[in-house]
Structure formats: structure tokens, C-alpha cells
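For the protein sequence lines, the chains are A and B, in the order given.
Quick note, our numbering runs 83 ahead of the 1-based positions in the first sequence.
Quick note, our numbering runs 83 ahead of the 1-based positions in the second sequence.
Where hints are given, some of them may not hold.
For chains that are exact copies, the list does not tell them apart, and a pair is met inside one copy or across any two.
Stated by the list, open to error - Within a straight-line C-alpha distance of at most 30 angstroms, the following computed DSBU-like cross-link-like pairs (lysine-lysine) qualify: (1) Lys303 x Lys212; (2) Lys253 x Lys150; (3) Lys303 x Lys253; (4) Lys297 x Lys253; (5) Lys150 x Lys212; (6) Lys275 x Lys253; (7) Lys299 x Lys253; (8) Lys212 x Lys297; (9) Lys275 x Lys170; (10) Lys170 x Lys191; (11) Lys212 x Lys341; (12) Lys253 x Lys341; (13) Lys249 x Lys170; (14) Lys103 x Lys253; (15) Lys275 x Lys212; (16) Lys249 x Lys275; (17) Lys303 x Lys188; (18) Lys150 x Lys191.
Since the hints were derived computationally from the structure, they do not count as laboratory data.
None of the values given here were measured: they were computed from a predicted structure.
Number of protein chains: 2
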Amino acid sequence: MDNRPIGIFDSGVGGLTVVKQVISLMPQEDIIYFGDTARLPYGTKPQETVRIFSEEITRFLIHHDVKTILIACNTATAASLPYLNEKYDVPIFGVIASGAEEAQKTTKNHRVGLIATEGTVRSGAYVRKLAQLDERITVTAQGCPLFVSMAEAGWVDNPAVEEAAKIYLKEIQAAGVDTLILGCTHFPLLAKPISRVMGDGVTLVDPALATAQKAKDYLKAHNALAVRETTGRRTFYVSAMTDDFSHLCQIALGQSYKPEVADLSQFSQK
Amino acid sequence: MDNRPIGIFDSGVGGLTVVKQVISLMPQEDIIYFGDTARLPYGTKPQETVRIFSEEITRFLIHHDVKTILIACNTATAASLPYLNEKYDVPIFGVIASGAEEAQKTTKNHRVGLIATEGTVRSGAYVRKLAQLDERITVTAQGCPLFVSMAEAGWVDNPAVEEAAKIYLKEIQAAGVDTLILGCTHFPLLAKPISRVMGDGVTLVDPALATAQKAKDYLKAHNALAVRETTGRRTFYVSAMTDDFSHLCQIALGQSYKPEVADLSQFSQK
Numbered sequence: 084m085d086n087r088p089i090g091i092f093d094s095g096v097g098g099l100t101v102v103k104q105v106i107s108l109m110p111q112e113d114i115i116y117f118g119d120t121a122r123l124p125y126g127t128k129p130q131e132t133v134r135i136f137s138e139e140i141t142r143f144l145i146h147h148d149v150k151t152i153l154i155a156c157n158t159a160t161a162a163s164l165p166y167l168n169e170k171y172d173v174p175i176f177g178v179i180a181s182g183a184e185e186a187q188k189t190t191k192n193h194r195v196g197l198i199a200t201e202g203t204v205r206s207g208a209y210v211r212k213l214a215q216l217d218e219r220i221t222v223t224a225q226g227c228p229l230f231v232s233m234a235e236a237g238w239v240d241n242p243a244v245e246e247a248a249k250i251y252l253k254e255i256q257a258a259g260v261d262t263l264i265l266g267c268t269h270f271p272l273l274a275k276p277i278s279r280v281m282g283d284g285v286t287l288v289d290p291a292l293a294t295a296q297k298a299k300d301y302l303k304a305h306n307a308l309a310v311r312e313t314t315g316r317r318t319f320y321v322s323a324m325t326d327d328f329s330h331l332c333q334i335a336l337g338q339s340y341k342p343e344v345a346d347l348s349q350f351s352q353k
Numbered sequence: 084m085d086n087r088p089i090g091i092f093d094s095g096v097g098g099l100t101v102v103k104q105v106i107s108l109m110p111q112e113d114i115i116y117f118g119d120t121a122r123l124p125y126g127t128k129p130q131e132t133v134r135i136f137s138e139e140i141t142r143f144l145i146h147h148d149v150k151t152i153l154i155a156c157n158t159a160t161a162a163s164l165p166y167l168n169e170k171y172d173v174p175i176f177g178v179i180a181s182g183a184e185e186a187q188k189t190t191k192n193h194r195v196g197l198i199a200t201e202g203t204v205r206s207g208a209y210v211r212k213l214a215q216l217d218e219r220i221t222v223t224a225q226g227c228p229l230f231v232s233m234a235e236a237g238w239v240d241n242p243a244v245e246e247a248a249k250i251y252l253k254e255i256q257a258a259g260v261d262t263l264i265l266g267c268t269h270f271p272l273l274a275k276p277i278s279r280v281m282g283d284g285v286t287l288v289d290p291a292l293a294t295a296q297k298a299k300d301y302l303k304a305h306n307a308l309a310v311r312e313t314t315g316r317r318t319f320y321v322s323a324m325t326d327d328f329s330h331l332c333q334i335a336l337g338q339s340y341k342p343e344v345a346d347l348s349q350f351s352q353k
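Sequences are here, hints too, so could you generate the full structure?
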């Protein structure tokens, strides 16, 4: 057994949906969450910038003695996961491998759509992973930066969101996909209008769900699950205080937590 | 005369429109521009966070021996201008006073609308300034975070933008304003759909235009305009490299500049 905490990080508060999954599958685990609210969003920024941010947070979490790290953000996973796994000993999981595996299990016609941030699309990480899993799969990918902003603004279903969905999903519809990966932590919030535009024949895949299961399988196989009588302690850090945090905690976790502001400058590699 | 450069900063690349105005009014001035592309956007972040960012950039510009600073970002002006002007000797100008003065000159019915980031609206800076100028003026303000993302995504006029405009502008229309302040550097890009929704009777005010004139008047009155035979040198810094920069330079300034990446950590006050 290993009672050290699980580290989870995200560009902001979207990763709380991954926290929710971890709590539900492994209630006894301590969790340390970091949301980079001072520098969000990641999705429109260069890969190298996001890699630098992700490494600072990884070093912060390692400093807090985590036994594993879950990157709850697709953009950060795409920009930094192979690099971080090579450089640091702690096992690190991202959302992309789980999302791709789920999509591979779901698709029947081998045509998969991907909507994500521009950073995630540009990285090609989902395309590479899906090709590895089944070379017959073709991927039609679309960066949807405005979906991120809409979800953050609480616009989850109104005429502007629907018009944006029509614009963004045009090519993916034309490709005849039967599976659509929601390749950004925010997008499950917009599932309704996305589903309406895509139609009933298309299954939406949320990578966050599978990621927590993957981490649990790993910890179990390595005899590293926490063993304690009580539920674990959950600690939340942000890089800038934000009103959204408690609100989204309430929605995602059913209770409010007050985050602490953490200064990352000592973990910089510059 | 004073041949030291003018410093101009913004959360990103939107401030290049202010650079354009400065170049056109004072072609002989050296300019140092800083765009905080690693940490943008400012508009959705807490006032205290934006104040800290703005102070770091101010110290960076002072280190580069500027004779004056123009804050090209409404959110940063709202969060930091009085604080910075109190703390530092170099004269600092923001876009809000100029925008408010312009609106006061324009309005006939004393009803003014303001669209801006949430940070700018929350600060109340425009409302205070307009009340100071003419107490009969009432302001109807609306935070429009998605307009920022739409302009950044290059969505300046499509059905989603128009639907968003209809949602955001509803209350301002109902208030019967005759003048609408575009209180965010990005919003002039969306002038067409905004104008269509507001109708012909409403004049749009772009605060960037008046700010450069204000700085010129100040420098002239203080005998501090640059005197040289050639046009000034323009130097551009960003906190993270971005593809958008050269593209927007081309649009705003008619030529491409390559920015340098600057590290602000030595200017931190922490």
C-alpha cells in the first residue's frame, strides 16, 4: 500500500471532473489538485509554452510527494506527457491514451471525429494513438477554441453555441463519423448542442471517465492503493484566486472547497 | 526633447492597434511594446492578479528606460492605473479616461453603453470616470468575454457572432443608449455585427484612438517629444512566442515584426 496523495492538474477548473471520477473510484485516496488559473487557457498557446507550464506544476506536485500524476488537461497531455514521463520517475497519466482507447472500442465504421483545442489538434497526439490502436481508423479533427470560452462563460446551450457548433462540426459531419471524441475537459458541458448537431447515430466519448479507471488499475497492479478507514483528504491549489472555483467544485464535487494560492516560481526550470 | 522610447503594453497582441495610432501621430518616436501572450487573457482574471502582471511589465519597461507608458489594455488599465501612477514616477496613461472623454463628447441623450471584459466592468472604472465628466450620464455595462475569444479566433462576422451580439447587447439596447464604448482592445474588430445589432442611431467609440493623442499632447506640453531625422525604432517583446503576432502586425501595422521573448521573473515583486 502507498498512502501518498495522487496529484491531478489542469489549466484551470475543468479538471475537477477528473477529480470527481477519482473520488468516486478511489474514495480513500488523498488528492492534491493544481489549477493554473493565472495562465489559462493553455489551448491557444504554443506547445513549448504549455510544456514549460506543465513541468513547473509537475515539479510542484512531486515536491508535495505524490505517488502518481494525472494530467486532466488534453492540451497539457499533448504538449508534455512523453517528455515528462521520460524525465521524471513518478508515473504520469494523461487523458489522451484513455480517450483514444475508448473511441477505438466505440467506433464501428472506423471513422472518428475529434474536437479539441488548437494545441491538441496541432500536436497530432490523438491521431497517432488511434493509428497505433487500429490502423484502419481515420480521424477528422477540428480545433474549437470558442467552445472552451463558451463553457467557461457558462454558455452551454443557447443559439450562439448552436451556431458555433454548426460551423465547427461541418467537416466532421461530412466525414460520416460514428464516434466523436470530446478532446477537451470543458466540452462535455456542451454535449447537448453538440449531440443535436451531430445527430443520434454519433456516440460522444469523454476521455476523463476512462483516465481515472486507468490510474486505479495501475495503482492496484503495483500494490499502491491507499489503505485507510476514512475518505482521503483533498487539497486544492490555484495559481490565481478565482470566483469560479468554489462554484465549479459545488457542481462537479457536490461540495465547496477553498483553494490555496500557490507560487510556482521556485519550480521554474529557467 | 526626450529621445527615450515610449513603452506600450497589452495582455497580448490587441494593443498593436494602439501602436498603430502612436506611429501615425508620432512617427519619430522609438517604441517598446510588451504583449503578455503567456498569461492572456486578462479580462476573466481577478483584479489583483492583473495588477501584479501589470506591475511586472511596468518594471520591465522602466528597466528599458521608457519616458512614458501607455496601457493599451482596458482590463489592465482598470486594475492597475491609479496604483501604478502612485507608485512609479514615469507618467502612465490608460485607455479608459480617453474612452470616457470621447463618449461624453459623443452622447446627446446622456445614455452610454459599455461593452468590455468582466474585469473592466466589475472595476467600475468607466462608470466613475463618466460620472466625473458629467453626472447626468447613465451607463449600462455588459461583460462580453466571448467577444474577446471570437476576435482572437478570427470570428469577426458570422452567425455565431451575431447571435452572441444579440444576447450580449439586449439590455444595452433596452436602455436606449446613443453611444456605445468598445471597452476592450479587441472589440473594434467586431464593429460590423455590433453595429448591425445596435442600429444606425448608435455611435461606437474606440478608446484606443484617443489615447495616442493624449500621450502626444502630454509629451508636447512637457517638451518631451523625440527629435530625429528618421522614423523611430520599434521593438516588440512577448512572454511566449505566438504565430498570431506577425500576422496581426501585418494587419495592424502593414509590416511584419519578429518579437523577442522576454522573461519577466526578475521584475516580480513577490
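What are the numbers of the hints the structure violates, in ascending order?
Per hint list: 2, 3, 4, 7, 9, 10, 11, 12, 13, 14 and 18 violated.
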